[in-house]
Amino acid sequence: MKVTFRIWRQNNASEKGKFQDYETDGLNEDMSFLEALDHLNEQLVLRGENVIAFEYDCREGICGQCGV
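Letter by letter, the sequence shown follows residues 1 to 68 in our numbering.
None of the hints are false.
Capping the alpha-carbon separation at 16 Å, the derived lysine to aspartate or glutamate pairs in EDC-like fashion look like this:
hint, residue 1, residue 2
1, Lys2, Glu29
2, Lys2, Asp30
3, Lys2, Asp38
4, Lys2, Asp21
5, Lys2, Asp25
6, Lys2, Glu35
7, Lys2, Glu23
Label-pair restraints from in silico Cβ distances:
hint, residue 1, residue 2, range
8, Glu35, Ser14, 29 to 35 Å
9, Gln43, Gln10, 17 to 23 Å
10, Val45, Trp8, 17 to 23 Å
11, Ala53, Thr4, 16 to 22 Å
12, Ser32, Gln10, 24 to 30 Å
These aren't lab readings, by the way, just hints derived from the structure by calculation. C-beta atoms are modelled at their ideal positions from N, C-alpha and C, and glycine is treated no differently.
Produce the entire structure from the sequences given, and follow the hints as far as they go.
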């Protein structure tokens, strides 16, 4: 499955930010949103681009962050 993510990018709090689109493929319908972001980050690393920063916690279904 191919998905386009629209991600807010900002270098720091004092600089102006902007939305940037990232296309990724190889996703499947059983992946969680966090797994999809991990997959996107793996592709960004391979392309030599900055990864997406995001918050996560246990990934065990205990804390609820996976439900985002």
